[in-house]
Amino acid sequence: MIGFDHVHLRYPGPGHEPALEDVHVEVPTGQMAFLLGPSGAGKTSLLKLVTMEERPTQGRVRVLEFDSVTVRNRELPSLRRRIGMVYQDFRLLRDKTVFENIAYVLRMTGVLDHPTLQRIVLRLLTHVSLYHKRNHFPDQLSGGEQQRTAIARALVHEPRILLADEPTGNLDTVSALEILEIFRRVHTAGATVLIATHDESLAARYAERAIFLEEGRVVRDARPARGRGL
Amino acid sequence: MTRLRFFLSEAWEMQGRDVAGGLASLTALTAVLFLLAVVLLAGHNIRGAARALEGRKGLEVFLVGDLPEGRVGEMAELFRSFGEVAEVRFVSEEQELRRIERELGGVDVSEAMGTNPLSPVFRITLTPEAAGRAGVVQGLAEEIAVYEGVDEVLYGEAWIGSLERGLRHVYWATAGAGILASIAVLLVLWNTIKLAFLGRRETIRILKIVGATGSFIRMPYLLLGAMHATTASILALLFAALLRWVLVAMMPGLRFLPLSWTVVFLAGATLLGILSSYASVESPLRSLERSHEAVTS
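Going line by line, the protein sequences match chains A and B. Mapping to our numbering: the first sequence position 199 is 199, numbers consecutive. Mapping to our numbering: the second sequence position 182 is 1182, numbers consecutive.
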């Protein structure tokens, strides 16, 4: 469950408009929701509040059993390991292979024996159809393949929440649909999926819920029947 | 052990990304630590020579001429009871006269002067521990000088004063060199590790997002700093040993640093490496946690 209780966010420094104003939204466990809105609407800021990269200036954010008011910095790694995060620019480690990009995250949590690593990583790579590219470096992959690597990395801890910030922004239509299909499978498996995008057509196809943001405010909260438009 | 191996391989990989920078850091650290090792080597040998001189530290307690025999015995017992005293030897005025006459080649001094001008004397030597402590001989001389029957106490004020001043200078020079070298090691490594960290800033940002703890991110840098400092200190000690080997032909008896000093040198350098790496990583790591990326949507 993700909850935003009357959240305000203003970035420090002069001249910054409020990034979010009085956002009061709850995304229940197992929902596949889309954050929609133009650039600067506050979608990324909302996702950063979920990973607690940012803390609200006012109000509170609740993610699983973590609360932005009471969470301590040393608890953040534990929170972030239970959230999978996918970005528009993939954010892969450029000097590591596809396999290593995923294995590295596992090593971080103490999974160090090679047979276990191999079993988990190769299963994930099969899941995102990248088994055959496991020894490639990110720069040797297409945008869609890089994004699938990033998704495999995000899924490595079997997260209960998957966040995606413009995951299809750099992809062609076919790749974008492949990515959304993976998200749908993750959602079907029980995870809460929250995707920020400006592509309403994708949202119309996959969203259980569409939250529209404008200038940091929620302006519409729709629950469309899948495939029937927003 | 497997986890340590993982962190070591990460540190090694980081080193491999900037070989030139690593070599520059290693060279600077080796040079600084070599200079420190040379100062320590010089200090150790000077102290060794001083210790040999300290063995000669002692007192000559001249007595008034007409002391009863019983009093002389009492005084000898009293001086022997001092913890700093190793040996008390009494020399009567006759024994002293005979010694001088022997040294002068058999000249009859008492006949020439008509009387024996010498005083009976106690020759006191100190224990090695007391001889090694500054100010002990002076204190003892002052204490003995006030006893009844004591005429004068001599202990070679001039050379003992110079020796102790010299040793103090050696001590301060060694300490100063140690402090300067520590600062230099801290600065060189602080800079090297910070550059290595900033070079991987984007990677670290990604690691934080996927849930890396501070210690997971920090550990390879601490090990990298320790690796640099340990390697540099080993090289510095090897060069110092080489220098000693070259100089020993000109200065026989020149000794290398004792094992305990070598261990402290290595451990101290390694600890400094870890501390400076920690200091250099901590601040950017925190600023990374609080940095606000551009809001894209």
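Rather than coming from a laboratory, the hints here were simulated on the basis of the structure. Worth double-checking, as some hints may not be accurate.
For lysine to any residue, the following SDA-like pairs were computed, each having C-alpha atoms within a straight-line distance of at most 20 Å [to be verified]:
#1 A:Lys96 x B:Arg1201
#2 A:Lys96 x A:Phe66
#3 A:Lys96 x B:His1169
#4 A:Lys96 x B:Leu1207
#5 A:Lys133 x A:Gly110
#6 B:Lys1194 x B:Leu1008
#7 A:Lys96 x B:Glu1010
#8 B:Lys1194 x B:Arg1168
#9 A:Lys96 x B:Gly1055
#10 A:Lys96 x B:Phe1006
#11 A:Lys96 x B:Val1019
#12 A:Lys96 x B:Trp1012
Computed far set for chain B versus chain A, every beta-carbon distance over 12 Å [stated by the list, open to error]:
#13 Thr1127
#14 Val1170
#15 Leu1186
#16 Ile1206
#17 Leu1207
#18 Ile1209
#19 Val1210
#20 Gly1211
#21 Thr1213
#22 Gly1214
#23 Ile1217
We put the beta carbon where it would ideally sit given N, CA and C, even for glycine.
Status of each hint after checking the structure:
1. Proposed proximity of A:Lys96 and B:Arg1201 is supported: the alpha carbons are some 15 Å apart, at most 20 Å.
2. Proposed proximity of A:Lys96 and A:Phe66 is contradicted: the alpha carbons are some 32 Å apart, above 20 Å.
3. Proposed proximity of A:Lys96 and B:His1169 is contradicted: the alpha carbons are some 56 Å apart, above 20 Å.
4. Between A:Lys96 and B:Leu1207, the direct Cα distance comes to roughly 13 Å. Compliance with the 20 Å bound is thereby established for this hinted pair.
5. A hinted pair counts as satisfied when its Cα atoms are at most 20 Å apart, and A:Lys133 with A:Gly110 does not qualify at roughly 25 Å.
6. The hinted pair formed by B:Lys1194 and B:Leu1008 meets the criterion: a straight-line CA distance of about 18 Å does not exceed 20 Å.
7. Between the alpha carbons of A:Lys96 and B:Glu1010 the distance comes to roughly 12 Å, so the proposed pair stays at or under 20 Å and holds.
8. Annotation: proposed proximity of B:Lys1194 to B:Arg1168 is violated, straight-line Cα distance about 38 Å (limit 20 Å).
9. The hinted pair formed by A:Lys96 and B:Gly1055 fails the criterion: a straight-line CA distance of about 66 Å is larger than 20 Å.
10. Straight-line distance between C-alpha atoms of A:Lys96 and B:Phe1006 comes to about 15 Å, which keeps the hinted pair within the 20 Å bound.
11. In summary, the hint linking A:Lys96 to B:Val1019 is supported, as the alpha carbons are separated by about 19 Å, within the 20 Å threshold.
12. Restraint check for A:Lys96 and B:Trp1012: satisfied, since their Cα atoms lie roughly 15 Å apart, inside the 20 Å limit.
13. With a minimum CB-CB distance of about 57 Å to chain A, B:Thr1127 clears the 12 Å threshold, and the non-interface call stands.
14. A cut-off of 12 Å between C-beta atoms confirms that B:Val1170 is not in contact with chain A; the least separation is 48 Å.
15. At the 12 Å boundary, the C-beta of B:Leu1186 stays outside the reach of chain A, the nearest C-beta of that chain being 27 Å off.
16. A beta-carbon of chain A comes within 12 Å of the beta-carbon of B:Ile1206; the shortest separation is about 5 Å.
17. Non-interface call for B:Leu1207 relative to chain A: violated, since the shortest CB-CB distance, roughly 7 Å, does not exceed 12 Å.
18. Its beta-carbon lying about 6 Å from the closest one in chain A, B:Ile1209 breaks the requirement of being farther than 12 Å from that chain.
19. At roughly 5 Å, the least C-beta separation between B:Val1210 and chain A is not larger than 12 Å, which violates its mark as non-interface.
20. For B:Gly1211, the requirement that its beta carbon stay farther than 12 Å from each beta carbon of chain A is not met, with the minimum near 4 Å.
21. Look at B:Thr1213: its CB is around 4 Å from the nearest CB on chain A, not clear of 12 Å, so calling it non-interface is violated.
22. Taking the minimum C-beta to C-beta distance to chain A, about 8 Å, the non-interface status of B:Gly1214 is violated against the 12 Å cut.
23. Not every CB of chain A is more than 12 Å from the CB of B:Ile1217 (nearest about 9 Å), against its label as outside the interface.
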